[in-house]
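A.B. asks: Chain residues, written in single-letter form:
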Amino acid sequence: MSEATRGARGVVPPREGARKLTAAIVGPGNIGTDLLVKLTRSELIDVHSMVGVVPDSDGLARARKMGVPASAEGVDWLLKQPTLPDLVFEATSAKAHLANAPRYEEAGITAIDLTPAATGPLVCPPVNLDTLSDAPNLNMITCGGQATIPIVHAVSSVVPVPYAEIVASIASRSAGPGTRANIDEFTETTARAIEQVGGATRGKAIIILNPVDPPMIMRDTVFCAIPSDADTKAIAASIEKMVAEVATYVPGYTLRAEPQFDEPRDIWNGMARVAVFLEVRGNGDYLPPWAGNLDIMTAAAARVGEQLARRKATS
Amino acid sequence: MTEQTAEKIRITDSTLRDGSHAMAHRFTEEQVRGVVHALDSAGVEVIEVTHGDGLGGSSFNYGFSLEDDVKLVAAAVDEATQAKIAVLLLPGLGTVNDLRMAHDAGASVARVATHCTEADVSLQHFAAARELGMETVGFLMLSHRVGPEELAKQARIMVDGGAQCVYVVDSAGALVLGEAQERISALVKEIGHEAQVGFHGHQNLSLGVANSVLAQQNGARQIDGALCALGAGAGNSPTEVLVATFERLGIPTGVDVQGAMAAADDVVKPFLHRLPFADRGAITQGYAGVYSSFLLHAERAAERYGVPAHEILQKVGEAGYVGGQEDMIIDVALQLAAERDRAS
Numbered sequence: 001m002s003e004a005t006r007g008a009r010g011v012v013p014p015r016e017g018a019r020k021l022t023a024a025i026v027g028p029g030n031i032g033t034d035l036l037v038k039l040t041r042s043e044l045i046d047v048h049s050m051v052g053v054v055p056d057s058d059g060l061a062r063a064r065k066m067g068v069p070a071s072a073e074g075v076d077w078l079l080k081q082p083t084l085p086d087l088v089f090e091a092t093s094a095k096a097h098l099a100n101a102p103r104y105e106e107a108g109i110t111a112i113d114l115t116p117a118a119t120g121p122l123v124c125p126p127v128n129l130d131t132l133s134d135a136p137n138l139n140m141i142t143c144g145g146q147a148t149i150p151i152v153h154a155v156s157s158v159v160p161v162p163y164a165e166i167v168a169s170i171a172s173r174s175a176g177p178g179t180r181a182n183i184d185e186f187t188e189t190t191a192r193a194i195e196q197v198g199g200a201t202r203g204k205a206i207i208i209l210n211p212v213d214p215p216m217i218m219r220d221t222v223f224c225a226i227p228s229d230a231d232t233k234a235i236a237a238s239i240e241k242m243v244a245e246v247a248t249y250v251p252g253y254t255l256r257a258e259p260q261f262d263e264p265r266d267i268w269n270g271m272a273r274v275a276v277f278l279e280v281r282g283n284g285d286y287l288p289p290w291a292g293n294l295d296i297m298t299a300a301a302a303r304v305g306e307q308l309a310r311r312k313a314t315s
Numbered sequence: 316m317t318e319q320t321a322e323k324i325r326i327t328d329s330t331l332r333d334g335s336h337a338m339a340h341r342f343t344e345e346q347v348r349g350v351v352h353a354l355d356s357a358g359v360e361v362i363e364v365t366h367g368d369g370l371g372g373s374s375f376n377y378g379f380s381l382e383d384d385v386k387l388v389a390a391a392v393d394e395a396t397q398a399k400i401a402v403l404l405l406p407g408l409g410t411v412n413d414l415r416m417a418h419d420a421g422a423s424v425a426r427v428a429t430h431c432t433e434a435d436v437s438l439q440h441f442a443a444a445r446e447l448g449m450e451t452v453g454f455l456m457l458s459h460r461v462g463p464e465e466l467a468k469q470a471r472i473m474v475d476g477g478a479q480c481v482y483v484v485d486s487a488g489a490l491v492l493g494e495a496q497e498r499i500s501a502l503v504k505e506i507g508h509e510a511q512v513g514f515h516g517h518q519n520l521s522l523g524v525a526n527s528v529l530a531q532q533n534g535a536r537q538i539d540g541a542l543c544a545l546g547a548g549a550g551n552s553p554t555e556v557l558v559a560t561f562e563r564l565g566i567p568t569g570v571d572v573q574g575a576m577a578a579a580d581d582v583v584k585p586f587l588h589r590l591p592f593a594d595r596g597a598i599t600q601g602y603a604g605v606y607s608s609f610l611l612h613a614e615r616a617a618e619r620y621g622v623p624a625h626e627i628l629q630k631v632g633e634a635g636y637v638g639g640q641e642d643m644i645i646d647v648a649l650q651l652a653a654e655r656d657r658a659s
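One line per chain: the protein sequences are A and B, in this order.
Start counting the first sequence at 1; every next residue gets the next number (this note's numbering).
Start counting the second sequence at 316; every next residue gets the next number (this note's numbering).
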């Protein structure tokens, strides 16, 4: 990997004398494997191990090839290791994470949860990375949430947003069995995060899987209800600033067009609307660039891990 | 020697669900009660009542419902004497929680719809529906996008997940005769000994009824229609025409032809703003294989951005967008408008 790539990914160099944190990845599917590639580039995190349950998993094979200890014997194996990791990134399913979370906590391992289990505080780096709590479990919401909640927040920091709705379209091939079995958890967790993190009074989330070949690049649309007299210039400026901020860690995060403002309508309860059309082109770390949904999730999770490492170094 | 009686087929009327697209999701409770009463009296056994995009469809992306789905379902259940009330659910949009609320309001048939290659996102919902004691139907949307064998494999996933019937859904009205026939046959072969097969047709190429007859002849036992063809695109196979045609063919449906015609003429037609019609946009949908519900959204985007609706639909078809991606219609309109501005 070249220095240029490192710079482009926005990885912050370590402080003098900072100790790297160690991290295990549990769940060697699409998301876990993409995260593995990113973490091996981090200057603040060392990958401790990659853990799965299926012996012939592609993700585990890839980890071994990269010299990372890998096991198909699950969390039981991980917790038996002589040295435990500081962090565990969990990319299994909501159900599996609910079962594993208490075991990590008991072992004193901080969990960064990439499933929609959402047991811990919801984290979206450009919105609340600086105010991370010391909770033993931090949740990364969903890929669609990471792509859209920054925009909802950008709008709600200018005007009140009584209702926000997001539509995430992803390529079928980037949706593994975990995502498919958890589709309700996706919509419910994302909707909750639109409210709690995005700042909308009420949130709604929609996810669409599209099988077209060649695969479509991840697309996200954000609709926010806004007051009829809203300052549209200020909203547009806030959105553009936020897009630039997200692009510091996901360079392929772009607006497809200027934010679209629509006049108030009766069927919108007299509210006006702003619609934001986004494209999320991935870095191609594991799956090709169309899988922007993997990229935005794992890049956000890696940022959270690095933030914890920096905090540890200064505390 | 007695003449052999043909096996009965079951008509599901979707005026109050697919027709919701053509009504911009603005059905009133009074209209719902009137339609349910007329269909129930005519002998229709299953009546689907939901936002056009299913439970939870009320949104900026698809259009907000005038009345809450659950309230309309409850009114329909109250009005029906023999008919079962069905609801549609698209995983990714509606959730098991929405299904529970509809069930609590009295819905007894769960129709779970996925894109024709994505059946495995429905398993959570079929399991929940069966647990609630609901009858289950799987809906493979835009069935023209894959071949018969692949479609049959997807139907198998739904049946293994708990579907008691799987429909070939011609969401774009794009299947031309033999293409519908082959898909029905492939599904009957794969799941026929465990589950029924159904057909849901659209009129974009005016083949909804003809395809339904071919479906029946190849083993389909559940057929969808809508009064006055009220539905997305150029509309659905008209229930009253299906019933009359099947009667002429000697296929029992249990529905009274006069009753169905009266329901269409006296109850539905008076409240329609426009009758479904195969105009340039709708034909483009059948021709280019575009999801029928996109029609009104394309017309709105056409008006807002000053680009032709049929060009938007053509582009949407080329991009391979699937049901639920209504937001991409605005995106395509914006790109077409940008191209136009660059050219001028």
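It is possible that part of the hints are untrue.
As the list claims (entries may be wrong) - Only pairs whose alpha carbons sit at most 35 Å apart, straight line, appear in this in silico DSBU-like list of lysine-lysine:
hint, chain 1, residue 1, chain 2, residue 2
1, B, Lys323, B, Lys468
2, A, Lys312, A, Lys65
3, A, Lys20, A, Lys65
4, A, Lys312, A, Lys241
5, B, Lys386, A, Lys95
6, A, Lys95, B, Lys323
FYI, nobody ran anything at the bench for these hints, they're computed from the structure.
None of these values were measured; they are calculated from a predicted model.
A.B. asks: Could you run down the list of hints and mark each one as holding or not?
C.D. replies: We went through each hint and held it up to the structure:
With a CA separation close to 26 Å, the supplied pair lysine 323 (chain B) and lysine 468 (chain B) stays within the 35 Å bound. Restraint check for lysine 312 (chain A) and lysine 65 (chain A): satisfied, since their Cα atoms lie roughly 30 Å apart, inside the 35 Å limit. As the CA atoms of lysine 20 (chain A) and lysine 65 (chain A) are separated by approximately 22 Å, the hinted pair is consistent with the 35 Å bound. Distance check on the hinted pair: lysine 312 (chain A) and lysine 241 (chain A) sit about 29 Å apart at the alpha-carbon level, within 35 Å; holds.
Proximity of lysine 386 (chain B) to lysine 95 (chain A) is assessed by CA-CA distance (about 33 Å); at most 35 Å being required, the pair is judged to hold. With a C-alpha separation of about 44 Å, the suggested pair lysine 95 (chain A) and lysine 323 (chain B) falls outside the 35 Å cut-off, and the hint is violated.
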